[in-house]
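Enquirer: Chain residues, written in single-letter form:
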Amino acid sequence: MCGIVGLLMKKPSWDERLGELLVPMLCGMTERGPDSAGMAVFGKPREGETRLSLFQLHGEPDWNRLMEAIRAQVPGQHRIEPSDRHALIFTTADPDLLRALLPQQFPDIVPLAAGSRIQLYKDIGAPADIAARYRFQDLTGTHAVGHTRMATESAVTPDRAHPFTAGRDFCLVHNGSLSNPHLVRRQLEPLGIRFETDNDTEAACRFLEWRMREGDAIDQAIEKGFEALDGFFTFLIGTADGLALVRDPFACKPAIVAETDDYVAISSEFRSLAHLPGVSKAKLFEPQPRTIYHWSRA
Amino acid sequence: MNVSAISQPQVFDLSRAETLRTLNHWLHREWTPGGPAVQVLNPDGAHSIAVGVDAPVDIDVLGHAGYYVAGMNKQARITVHGNAGTGAAENMMSGLVRIKGFASNSAGASAHGGVLVIEGDASLRCGISLKGADIVVGGSAGSFTAFMAQAGRIVICGDAGEALGDSLYEAVIYVRGKVTSLGADARFEPMIENDLSAVRELLAIAGFDHDPSSFRRVASARGLYHWNADANQEY
Chain A
1 MCGIVGLLMK KPSWDERLGE LLVPMLCGMT ERGPDSAGMA VFGKPREGET RLSLFQLHGE
61 PDWNRLMEAI RAQVPGQHRI EPSDRHALIF TTADPDLLRA LLPQQFPDIV PLAAGSRIQL
121 YKDIGAPADI AARYRFQDLT GTHAVGHTRM ATESAVTPDR AHPFTAGRDF CLVHNGSLSN
181 PHLVRRQLEP LGIRFETDND TEAACRFLEW RMREGDAIDQ AIEKGFEALD GFFTFLIGTA
241 DGLALVRDPF ACKPAIVAET DDYVAISSEF RSLAHLPGVS KAKLFEPQPR TIYHWSRA
Chain B
1 MNVSAISQPQ VFDLSRAETL RTLNHWLHRE WTPGGPAVQV LNPDGAHSIA VGVDAPVDID
61 VLGHAGYYVA GMNKQARITV HGNAGTGAAE NMMSGLVRIK GFASNSAGAS AHGGVLVIEG
121 DASLRCGISL KGADIVVGGS AGSFTAFMAQ AGRIVICGDA GEALGDSLYE AVIYVRGKVT
181 SLGADARFEP MIENDLSAVR ELLAIAGFDH DPSSFRRVAS ARGLYHWNAD ANQEY
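Those protein sequences? They're chains A and B, same order as listed.
Residues 1 to 298 in my numbering are what the first sequence lists, from first letter to last.
Residues 1 to 235 in my numbering are what the second sequence lists, from first letter to last.
Wrong hints could be hidden among the right ones.
Stated by the list, open to error - Label pairs and their calculated CB-CB ranges:
#	chain 1	residue 1	chain 2	residue 2	range
1	A	Met-1	B	Ile-205	32 to 38 Å
2	B	Glu-189	A	Ser-13	55 to 61 Å
3	A	Glu-227	B	Thr-180	19 to 25 Å
What the hints contain is simulated information worked out from the structure, not anything from laboratory work.
In this text, all values refer to a predicted model and were calculated from it rather than measured experimentally.
Just so it is clear, CB atoms sit at the ideal spot from N, CA and C, and this is done for glycine as well.
Given only the sequences and the hints, what does the whole structure look like? Please build it.
Expert: Given below as structure tokens:
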């Protein structure tokens with residue numbers, strides 16, 4: 001069991017409230033996922049700048065040493081916003097050049113996300129503690145994806161928490177379990193796609209991002225996912241444009257959507273939506289099995 | 001308890017901490033015959049509202065309920081003025097449960113008696129392993145409705161999804177709209193007078209105004225009742 005939440009603001013005037021409204025949604029799913037939590041937020045892009053979300057997996061972070069190494073070895077402008085064991089680096093360089101330094105020089109730092117809009121935080125512990133530790137309530141942006149984890153498929157560690165990412169400005173959260181993640185992984189690794197963990201969800205994330213990088217629209221990528229991915233899932237996917245939601249044909253894993261003129265809110269259960277302003281007038285529905293839903297900021 | 005107290009409903013506001021436990025405890029231990037009706041405010045999707053009630057009490061849940069609302073109900077008349085989460089009225093024994101909105105997966109699962117009315121749509125696996133209760137769905141029902149249902153009746157006023165009545169035993173389904181597909185061993189059968197009166201009776205309880213002759217009967221072909229070595233594991 002896990003909890004998924006997502007929120008997309010339809011109007012710029014609501015962007016400031018993204019974190020404030022998402023935190024109670026995330027914490028409302030604590031019973032479904034008490035061991036880890038995470039959140040990916042899509043903010044406004046800044047001209048010529050890419051964001052790289054990092055996490056210090058072991059030991060104490062020394063972000064100054066990291067920045068010194070980056071400035072010495074990668075041409076461009078780089079600045080960092082540390083937040084406990086997380087850090088967000090804004091860079092004018094290709095973020096892959098920064099990532100390339102990590103395995104050799106900073107093996108305890110894992111890259112969590114890269115893109116012009118995405119920033120990502122995840123950690124182990126109670127969702128409310130993680131939300132407070134990384135000040136989720138202050139995050140602003142157009143849309144966000146969150147997850148509370150009750151681990152079944154791999155160990156409870158920060159890098160195995162959701163959301164998972166691949167490529168740029170792409171993330172995925174999952175409620176359910178896949179029965180063939182190793183098969184998918186063996187299909188992708190010969191193509192040069194590198195995995196960071198042994199988690200089943202990472203296989204789905206990398207499969208779908210690979211398909212989109214190969215030119216599929218998100219609907220086409222998910223259609224191929226129905227064939228390639230075996231198991232139970234409700235997937236909520238965040239891209240630079242918006243959110244996509246899909247449930248497997250048996251729809252064992254729940255989801256409910258509340259849509260108003262101001263926002264689209266998605267959760268595993270209604271109890272995470274009950275606090276939203278105007279929810280009593282919202283259009284409420286459960287997504288149909290094997291049906292792809294997506295919403296983008298107009 | 002005096003008469004004026006009886007006419008006032010007992011109100012439980014679930015927005016206050018610990019009220020859910022208080023509500024269920026009160027329904028199990030405190031309510032006595034002739035006691036008041038009950039109103040549940042701000043359910044906000046909480047799980048296990050009014051589960052295990054064994055008393056002829058009227059309960060109105062004013063909002064959306066979470067998982068297992070009215071589960072294991074006996075005797076009570078429970079109305080959810082909103083949607084219900086997974087497992088509404090699961091294993092109900094008797095009484096009447098009405099969901100004014102839609103019901104999520106597995107509504108009425110393994111219910112033995114009583115009537116479950118879902119005014120909106122029912123999601124997947126409605127009436128799975130039904131054991132004698134009646135279910136009336138005002139809207140459409142999702143895939144695998146009545147999977148392995150053993151006894152009871154399910155009336156679907158709208159459409160049904162995939163694998164309707166898969167591995168059905170002696171429960172009977174009446175469906176008015178389109179059926180995406182029948183499940184293994186389920187088949188359409190002619191409506192006879194007993195069927196028309198059953199549909200008429202259940203529609204009257206639910207308060208839906210449809211012509212009983214517009215429904216089709218789905219029941220078990222009983223081909224799976226006995227092991228067939230010649231079927232070569234293909235059904």
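Enquirer: Confirm or reject each hint.
Expert: Going down the list of hints, with the structure as the test:
1. Met-1(A) / Ile-205(B): 32 to 38 Å: holds (36 Å)
2. Glu-189(B) / Ser-13(A): 55 to 61 Å: holds (58 Å)
3. Glu-227(A) / Thr-180(B): 19 to 25 Å: Cβ of Glu-227(A) to Cβ of Thr-180(B): about 21 Å, so the range 19 to 25 Å holds.
This entry satisfies every hint, going by the numbered hints stated previously.
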